[in-house]
Amino acid sequence: MSFVRHLKTAALASAIALTGLQAAQAQTAAAPAKPAQQQEQFFPLQSYRVGPYAAGGTGFFGGFIDYLNLINTRDGGVGGVKLTWAEGETQYEVERGVEVYERLKNRPGIAAWNPLSVGIAYALIDRVTADKVPLITINHGRTDTTDGAVFKYIFPLLVNPYSETSGIVNYLGTKVGGLDKLKGKKIVVLYHGSPYGKETIPIYELLAQKYGFTVQQIEVPHPGNEQQSQWLTIRRAKPDFVVLRGWGVMNPVALKTAQKTGFPVDRIVGNIWSNSEEDVIPAGDAAKGYVAIGSVAPGTQYPVLQDIIKTVYDAGKGNLEDRKRIGTVYHNLGVVNGILNVEAVRIAQAKFGKRTLTGDEVRWGLENLKLDEARVAALGAKGLFHSINVSWDNHEGEGYVAFQQWDGKQWKQVSDWIAPDWKLLRPIIDKSALAYAKEKNIKVRKSIDD
Amino acid sequence: MATNTVQRSGHPGHPARWPLWATPVLVLALAYGLVPLVASDYVFDALLIPFLALSLAAVGLNLLTGYAGQLSLGSAAFMAVGVYAAYNFQLRVQGLPLLAAIALGGVAATLVGVVFGLPSLRLRGFYLAVSTLAAQFFVQWALTKFGWFSNDNPSGVIDAPPLAVAGVAFDTPAGRYLFALSVVAVLTALVWRVTRTPTGHHFIAVRDNELAARVIGVPVLRTKLLAFALSSFVIGVAGVLWGFVYLRTVEPAGFNLDRSFQILFIIIIGGLATLRGAFLGAALIVLFPLLLSRLGSLLLGQWFDSGVLELCQRIALGALIVGFLIAEPRGLAALWERLVARCCRRPAAAHGA
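Quick mapping for you: the protein sequence lines, in order, are chains S and E. FYI, our numbering numbers position 125 of the first sequence as 125, with every residue one higher than the one before it. To convert a position in the second sequence, counted from 1, into our numbering, add 1000.
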């Protein structure tokens, strides 16, 4: 008898569990399945607004959302298609990023994924390829995904990690009076202990061989708020230059510790993720005179930023809590990321029609994303970034870099836009991509239609 | 009813006529039969698979901490050893079947576990916990330092091999779920069996009073090392599930101290020395934050940004854990038993206990 009673309890329990499961499913499916009256293009955002990298997350995703908002309000969307988005918090953690991907991937009309985390991007490569939706890793990502012949859906737009490295080494060359003068010099690379930080280890080794300098690469464990021992090592090594390949809180700590251990700031060069206001302001005096590379310029003087202030912030719809952060490096990078996403959609619409596009159609748009300086100026972004020229087998798009110096109050550009040494890097990228294709049994594409 | 009360002291909450095998069989029948029919891809890929992997890790740690009484903070390290070893075996031994690679990953974790279990022969309690921290830091350091472990991938990230056993590919969300479920079911059954053998009783004897155990002839040293070995094997396999089946990409940072704490909290909240507790605890730690986050963004998403919501969820989760542990310090498993007992015995025996 009591066995029967137990069965009853068990049945009840399983019924409850099932209802729960179904509710969870219903929630996933309850996403806007609206009728066709209003066409929408959806941007799932794996953002991070808490945790050690919140400064980067709030700035970047703030800028991205502000630009999407601007397009909706000012232009009524792209070709009449409204842009929509939803956020999921990842805290820069891979497993949370994956959960958000699984949560949002069934929404209709996904344009592209923009996780802003190399770790999450790696975890998504197989998933987006299977789901045929582009994955954009602006200024970061896995370098060999530049080869679109192998990585059809992955776009390390603007500047990939190798291009950035080449730009930094070229800059150091100009500081010593020519690349040939780098021979015999010693460079220390202080990198963030994450997939992002490690990405450039081989290319520094290679460039060191090519130009005859010695390189010592030192890891700072994530998140990097303690670097005493690393900087003591640096002091012993007596390098000519230190390249700071940091992220988040690691950067101000590095600058302050450098000052404490007596390493001059004018011999430190920041990489593309060590170049924001959030990296230098907390370091105070220690950051004065610090130079870093960038692919996007800071400031609010560009027409597109003025439009955002007028149309979005003055209407109380701005995403940044602190209006002072408008025009900072992370915010502007988010805006540029918005421009690249939106223009890819626009280009794809010209071919496929003004409607909600599939991920694969947006991929086609990205592979034809060619914005020359004139088009960039027409978008109100002259000087904000240089240009981009993506093709089906070059998913980076040959972005230009520039160097900026912190004067204690703001960044000042101290160089022209410079082209990295793409010819030197491409064979290495192709070799790595082909090895990946072989390992994974991927058919190498021969044209955009493959 | 008197007989019932007597027997209940043996298996609390289970009267005589409810056979011991019935609950697991029922759960498995539901998990194999019903869940694949009703669950969506999201439920498989984002809820059930990480739940299963962490449950298995908690089962492993429960063997060590709950049954044998050895506090360990190195679980994430053993998971990492498992997945990296399985990856390297698969990569470097041509034609090695997936299941063999997974088992070898578990064996590698066992070896590392035994080495780091050696201090347990001298240290107890918190001192042992601190020495297992060494495993945590050493393994993560070694995996980062030596590129060989990640096949010299510049980022230190490895890609999981495709899941296929004897030509059958488990490449759909439901397939991956069934794969994980089968591994978890088999290993949990083995662990359950071990706890009922004399060895399992040795574990408990060592936990409850080491000196007394020694006096009555329990081989304490061997028992402790065996606990470390078995536990590390199970945790290592859980690591493989986490890396190969759930994330399908692995980086050493994913197995940091936070993960070790997470697994320890699972067994404390779920209930020490119960297998059921490992699953209940994992459900709470894995699923509940997601549920809260979905609920939060659904109800309040329009008014607050995701950062504020995230912090509120942490507060809510923390408060809930405190609440649970006040209601039942022996964990969710004990709470569950009390609930079942109350539901099923009313009105006759509710006051009889």
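There may be inaccurate statements among the hints.
Stated by the list, open to error - Covered by chain E, per the in silico footprint, the following chain S stretches (three or more residues, Cβ under 8 Å): (1) 47-54; (2) 72-78; (3) 189-200; (4) 345-354.
If you are wondering where the hints come from, they were derived from the structure by calculation, not from laboratory data. Built from N, CA and C at the ideal position, the CB exists for glycine as well.
Quick rundown of the hints versus the structure:
no.	hint	in the structure
1	47-54	holds (count 4)
2	72-78	violated (count 0)
3	189-200	holds (count 7)
4	345-354	violated (count 0)
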